[in-house]
Amino acid sequence: MNDVTREVYRIVGETLRVPPAELRPDVLIRAIPNAESIKMLTVILKVERQFDIEIPDEATFGLATVGDFDELVQTLAAGRAAPIGR
Amino acid sequence: MKTQLAGAVSSTGPERAVQRVAVVASRHELDELSLAEVPWPGVLVDRVTDETFDDYLDGLGGEPLALALIAAAPRDPGPVRVLRSRPERLRTRVYLLARSPARLLPPGEDDWDVEGTVDLDRLPAEGLARVVENGLRAYRALGANPLIAEYYLDTTYDRIFDWFETTKWDWREVELSRIRRELLTEPEIDILQESAIIEFGTLPGAHNFLREWADEYSFSSWALSWGAEEARHSLVQCRYLREIGIEVRAKHAMYKREPYPMGENRAATLMMNIISESRAAEYYKTLARLTREPVLRTIWRLLGRDESRHARAFFVFCKELVDGSEENAVAAVRMAYVWLADRGRGVKHPAGFFYPHSSSTSGLRRIEQYAPVMTDAADGKVLAMIRNLLADESVRSVGDLKAYLRRKVA
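Chains as they are written, first to last, in the working numbering: chain A, 1 to 86; chain B, 1001 to 1410.
For reference, chain B alone in the conformation it holds in the complex (with noise of 0.2 Å):
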């Protein structure tokens, strides 16, 4: 094996890290390919002989291996079923180099996740430069997000997606036109009206999602559906106030849409979202069960089962995170103490937390007052989800939180 570094290295971070790239090919054919004088900034060349590249893998430990142009014989695949038969090596970007590439792989056998085949006969006058150029950004582009799997549909996205979908609301269910307005209390037109700017804050929670999920495609595909069901519910519940002659003004929606710091654990972000969708549900399920309009009556409890499903689905992609790190499963506990143990001030939540500055704080204080009971229901569901995350049925109280964190932190 003969190691090449092309071209200069000018920062250590980790968009300029050193990306090893592997030429693997006969004795004879090395000879014939010629890399080195393509200046790639921070690309580290090795050649290797295709009878040495099973050695050469072993020898490179848990480095990284970006790319390899692999100069196969017709119908042969045999280096790349070498690299793939690794499961360490999936995310390694494959290019075959041939000189027929029409015949490089039997039928049926073409699924060695091979980016493409160069016909060396062809090359354009840049060489191999494209296409260590697309390689590289293919091998960026996978991340190391050990959650992504090798197929699209291998994932909690697609697992509760149906689930999801075939429980949404339809709008047919909530008839405007038959509101009895002579059946509304004040206190309840105060909460709709709260309600709804609350919901604002669920806009830029879809912006922070993406961007703290940016590595992936599960969580922030569901984070979508998300986002668009949570639109709705400030949506649904300014076209009542409307119609009962009521405009929601919209300096409610530009307070809530400035974005919020990003998490630094996403198990953490997920559990406050458990906490706050579990509170959300109870909120409008008691509301519904208190109010005699009926109209008001349907869309509350649609909300509620929304919050309820909402909490369910970050309750699964957190324990999805949990399962696989102790790291992630304390930084959840922690988030959930602190948000189930801080209620001194008034419950938590997104929406009055990270903007004090519009009336969601004292709005959901309001609320909160308005039935003090339902926030004990939802924190007791979520004590019955962290069990579930801990596989610790003792944890049955904020103070088993706690024991739960002096125990792993300490």
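Looking at chain A on its own, in the form it has when it is part of the complex (with noise of 0.2 Å):
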């Protein structure tokens, strides 16, 4: 698990009230208790701001897995991060 996994599966727990344990990336996000859109779109903000990346507004409720959210976060937080390593 790499410092941006766990950065989102931190945010992801601490958002939705989930034992971090219980995250994993085969676990769909729609099976979590508390991920009521409402509350995804908070989990949303805070990653973008965490990253300073901005996650397309069509993915936001399109993500199934939190190994799916973690895999986007990744591609854009390198994306980001490239111009600044080249």
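No lab work stands behind these hints: they were computed from the structure. Certain hints may be false.
As the list claims (entries may be wrong) - Calculated lysine-lysine pairs in the DSS-like style (CA-CA distance at most 30 Å, straight line):
(1) B/Lys1408 - B/Lys1381
(2) A/Lys39 - B/Lys1381
(3) A/Lys46 - B/Lys1408
(4) B/Lys1408 - B/Lys1168
(5) B/Lys1251 - B/Lys1168
(6) B/Lys1408 - A/Lys39
Said to hold, decoys possible - Residues of chain A clear of chain B, computed beta-carbon distances all greater than 10 Å:
(7) Asp3
(8) Leu16
(9) Val18
(10) Pro19
(11) Ala21
(12) Leu23
(13) Ile29
(14) Ala35
(15) Leu41
(16) Leu45
(17) Glu48
(18) Arg49
(19) Gln74
(20) Leu76
(21) Ala77
Here a beta-carbon is modelled for each residue, glycine too, at the ideal position from N, C-alpha and C.
Make the complex out of the two chains shown on their own, each in a separate frame, by following the hints.
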């Protein structure tokens, strides 16, 4: 688990009130008891702020699993960081 | 000032919180008034002389004063005037204690919002206990909703009532005996049944409004009118269907009877309804344009007009909340973003969102697919209302809502 994943899981866990141990890549976001749309929007806004990224509107409500979300954040964060690293 | 805690406090919950009562009188009268022996759980009694009442109120700061029992001299409401000159003490309930209540207040000066007068010479056996009990009940009934004004008619309900009342449609406009069955298409009949069923979802919506707005009367009163109008929407469409030989099963109304979870923020709840009413308005208006059957065209045109009025009324109540609170503005925009952005799996509407076991979800999708551009038109109107709510002309898209949230939430 890299730093981005750790942070994504922390924000998801804190916002949706899920113990970190229960969050795995294959967990369906819609199956998490507190993951209704408004709460998920809060997760998105916090993650965007944390990594200085912008998650597309169509992705905000279309993500299936926690792993999908993590992967999207990894990609967006890498894309943002890439120009700085080059 | 002397404070006595009369009785024990068994809980710190809001309904059992300590409530402060001030007994205000001249030094001489205070000695004659005995209150402490009455067991009033959770009531804190302060005994204050009338000369020091102003200082006493200063000393309370932001602490609530539930009740003031004021032994005023005949024709001199001095301490009452002191109390009422402070806007933050308008909720404090007042009883006047006197030996000659009939002469207590001068004519024309009885608008000090006094609950009643107590004749000290004719007190019943329980003394002032009943007065305190009634006073505290009155204080609790007032609640803490900051939108409750001093006078009944100073409400949004009164401001929009005439507009709302005079634009109602009349059943005589709907001539079911003149239906031309041969002009109806099968898809139209299908959509008509779905519309009638979806409208059943407004009944628990009305239940929820009354629960969520339990501490006021302005929006609640309007919600009764809204609910009554919405109930007609199912009825008129079911009656039309009966005329053409189709009965709608009662089970659809029963499926939607159960209440859904209460919202966490009223401005957000209102925003959800602004969106659903705006979309419903466009659906009905579009359906009215497309049908060739004149009676159905009239019905859908009237219902479209109703939903449009409803959206605007919800907007007025939402603006009232948003104007006084950035927290409410953010909550409303969050809700707007979720409902406007999340169209990937079909349009959201409370009827389909809260009642997935009924046919509403698939029914809404069929209605949307019948004329897809209408949702775009509706959402454009919602964005215009949000620009007005936020006094921000730059909000033109769902992306702008997200940008607003990033600025406010981050």
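Going through the hints against the structure:
no., hint, in the structure
1, B/Lys1408 - B/Lys1381, "holds, 23 Å"
2, A/Lys39 - B/Lys1381, "holds, 26 Å"
3, A/Lys46 - B/Lys1408, "holds, 12 Å"
4, B/Lys1408 - B/Lys1168, "violated, 40 Å"
5, B/Lys1251 - B/Lys1168, "holds, 29 Å"
6, B/Lys1408 - A/Lys39, "holds, 16 Å"
7, Asp3, "holds, 20 Å"
8, Leu16, "holds, 15 Å"
9, Val18, "holds, 19 Å"
10, Pro19, "holds, 23 Å"
11, Ala21, "holds, 28 Å"
12, Leu23, "holds, 22 Å"
13, Ile29, "holds, 13 Å"
14, Ala35, "holds, 12 Å"
15, Leu41, "violated, 6 Å"
16, Leu45, "violated, 5 Å"
17, Glu48, "violated, 7 Å"
18, Arg49, "violated, 4 Å"
19, Gln74, "holds, 20 Å"
20, Leu76, "holds, 14 Å"
21, Ala77, "holds, 16 Å"
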